[in-house]
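Let the hints inform the model, and build the full structure from the sequences given.
Take a look at the letters that make up each chain.
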Amino acid sequence: MIEFFNFYLIPGIVVGCIYALAALGISLTFGILRFANFAHGDTMTLGAYFIWTFVALVGMPPVVAWIPAAVLTIIIILACDRLFFKPLRQAPTVVLLIASFGFMLMLRSAIQLIWGVANRTLIPGIQQPWVFFDAIRIVPRHFWIVGAAIVLMVGLHLILTRTKIGKAMRATSDNPILARLSGIATERVVAATWIISTTLAVVAGLFLAIDTDVNTLMGYRMLLPIFAAAILGGIGKPYGAMAGGLVIGLAEELSVYHWLGDDPLISPAYKGGVAFAVMVVMLIWRPAGLGKGRVF
Amino acid sequence: MSLLTIETLSGGYGATDILHGVHLRLGAKEVVVIIGPNGAGKSTLMKAVFGLIDIRAGTIHLGKQDITGMATSRVVSRGISYVPQNQNVFATLTVEENLEMGAYLEKDPIGERLARIYELFPDLAEKRRAEAGTLSGGQRQMVAMGKALMSNPQVLLLDEPTAGLSPKYQDQTFAIVRRIHDNGTPILMVEQNAKQALAIADRAYVLVDGKNFADGSAREIRENRDIAKSFLAGAA
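Chains as they are written, first to last, in the numbering used here: chain A, 1 to 296; chain B, 1001 to 1236.
Hints listed in this document are in silico derivations from the structure and should not be mistaken for laboratory results.
Using N, Cα and C, we set each Cβ at its ideal position, and we do this for glycine too.
A hint or two may mislead.
What the hints assert, rightly or not - Restraint-style ranges between C-beta atoms, simulated for each label pair:
#, chain 1, residue 1, chain 2, residue 2, range
1, A, 75, B, 1107, 38 to 44 angstroms
2, B, 1134, A, 254, 34 to 40 angstroms
3, A, 239, B, 1107, 29 to 35 angstroms
What the hints assert, rightly or not - Subject to a maximum C-alpha distance of 25 angstroms in a straight line, what follows is the list of computed DSS-like cross-link-like pairs (lysine-lysine):
#, chain 1, residue 1, chain 2, residue 2
4, B, 1029, B, 1195
5, B, 1127, A, 164
6, B, 1127, B, 1168
7, B, 1229, B, 1195
8, B, 1107, A, 164
9, B, 1195, B, 1211
Said to hold, decoys possible - Among chain B residues calculated to face chain A with C-beta under 10 angstroms, some are:
#, residue
10, 1062
11, 1087
12, 1088
13, 1092
The structure is reproduced here in structure tokens:
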């Protein structure tokens, strides 16, 4: 039981929080810009490399370094939005989807050119876990990841429900023509969406880098589970994406627990397939997701 | 002096023209109703004012200002409010959030405006925290109109405000249109319930196949037998 808690449940929650943050960005851009942004994973990677750079070269602690890293990433994403996505704003969704796929490849190649393909470590060494009741072990970084993820999700909720721009984002996602007819300037809403989703991506990149390491495929490998999370929660629905992230993270980790006998339920090598299975089942059984989102 | 002037307007969606040289004017303090069969281009004409269709020829003026083909948000900021026929509320936003979005361009606090709308539509005050998508058709129409009024518009455009409503809500809607007009807001509306609409209108235009078929005072249009027979079903 303790083993289940320490090695399956807690890591599941941690991974779930990272998925949730990343899926939120996918869900927001889908709701407002109306395309599935394949470049979101590599936005995480870019953010993580900026963080690593500030940590390695300037000596900032990671918890500070993510701020200038997020600013830089946001500037790059906003510039690329103007270059690649703005001319296609009225184009069919599939054109934007392919454009984001191309942008994803460009982004990753640029990262590999600039930083190389070697793995980098953000926090060297092994952290001693906190031990509760002689049994429950929680690594401090896991505690902070989950805590910060909760703070960010509450913060996003407040932005979406309490601020004028947040309400305008929800209005645009709900009915873009009526939003224009209300005088909402679409481009400002689009900029706000990129800023928020990129910030969430950089923080997700930070957490993933802290939990594992920094490498050029880290964000790309996240794409499948975060799309699965966004679809599970109903794409375009931020609260669904949060729940979806947690469910996918837990499902992945718990699927390798030895529920029956001594062997893992499924081999850890197939862990990634769990997210895929959830996504396929959802698309067949309930394409609008649990949160009644938009259908592709 | 007319507030909204449309002259020889042609346009539509892509290569297909729906409007062919339409003219219309709305005077300050007037209620003008557009009637005509389905597909006559009534809604398209309203969309043209907001830059939502492709305009090929003609002009639209607000007062002396040329607003032909101007970006939607700029037209809105000039003081024209529009209630589309369908999907005219943000279904996933609360009633109050819908009203707030109506005053999106307003920089100052909007508490007073909200209070005024709740006074005009008391039903909405109780439902202010409900999602607009959960309301009945009549209440949703009230949200849509209240939202449009939140910007204190100079001109209000209503596209079939009573479509799909029960008779009770239809009467209520016409009463509200009357009240909005009594407050001095000029109104241009497209309406299927031509008889009731003509009863509260000053003037009317009949549109057929994207062209002006007839226009005149509401009384003239109501008493014109040809029009009554062709377009005012059940109006006799």
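Evaluation of the provided hints:
{"no.": "1", "hint": "75(A) - 1107(B): 38 to 44 angstroms", "verdict": "violated (28 angstroms)"}
{"no.": "2", "hint": "1134(B) - 254(A): 34 to 40 angstroms", "verdict": "holds (36 angstroms)"}
{"no.": "3", "hint": "239(A) - 1107(B): 29 to 35 angstroms", "verdict": "holds (30 angstroms)"}
{"no.": "4", "hint": "1029(B) - 1195(B)", "verdict": "holds (21 angstroms)"}
{"no.": "5", "hint": "1127(B) - 164(A)", "verdict": "holds (21 angstroms)"}
{"no.": "6", "hint": "1127(B) - 1168(B)", "verdict": "holds (19 angstroms)"}
{"no.": "7", "hint": "1229(B) - 1195(B)", "verdict": "holds (12 angstroms)"}
{"no.": "8", "hint": "1107(B) - 164(A)", "verdict": "holds (11 angstroms)"}
{"no.": "9", "hint": "1195(B) - 1211(B)", "verdict": "holds (21 angstroms)"}
{"no.": "10", "hint": "1062", "verdict": "violated (15 angstroms)"}
{"no.": "11", "hint": "1087", "verdict": "holds (6 angstroms)"}
{"no.": "12", "hint": "1088", "verdict": "holds (7 angstroms)"}
{"no.": "13", "hint": "1092", "verdict": "holds (5 angstroms)"}
Violated hints, in rising order: 1 and 10; the structure is consistent with all others.
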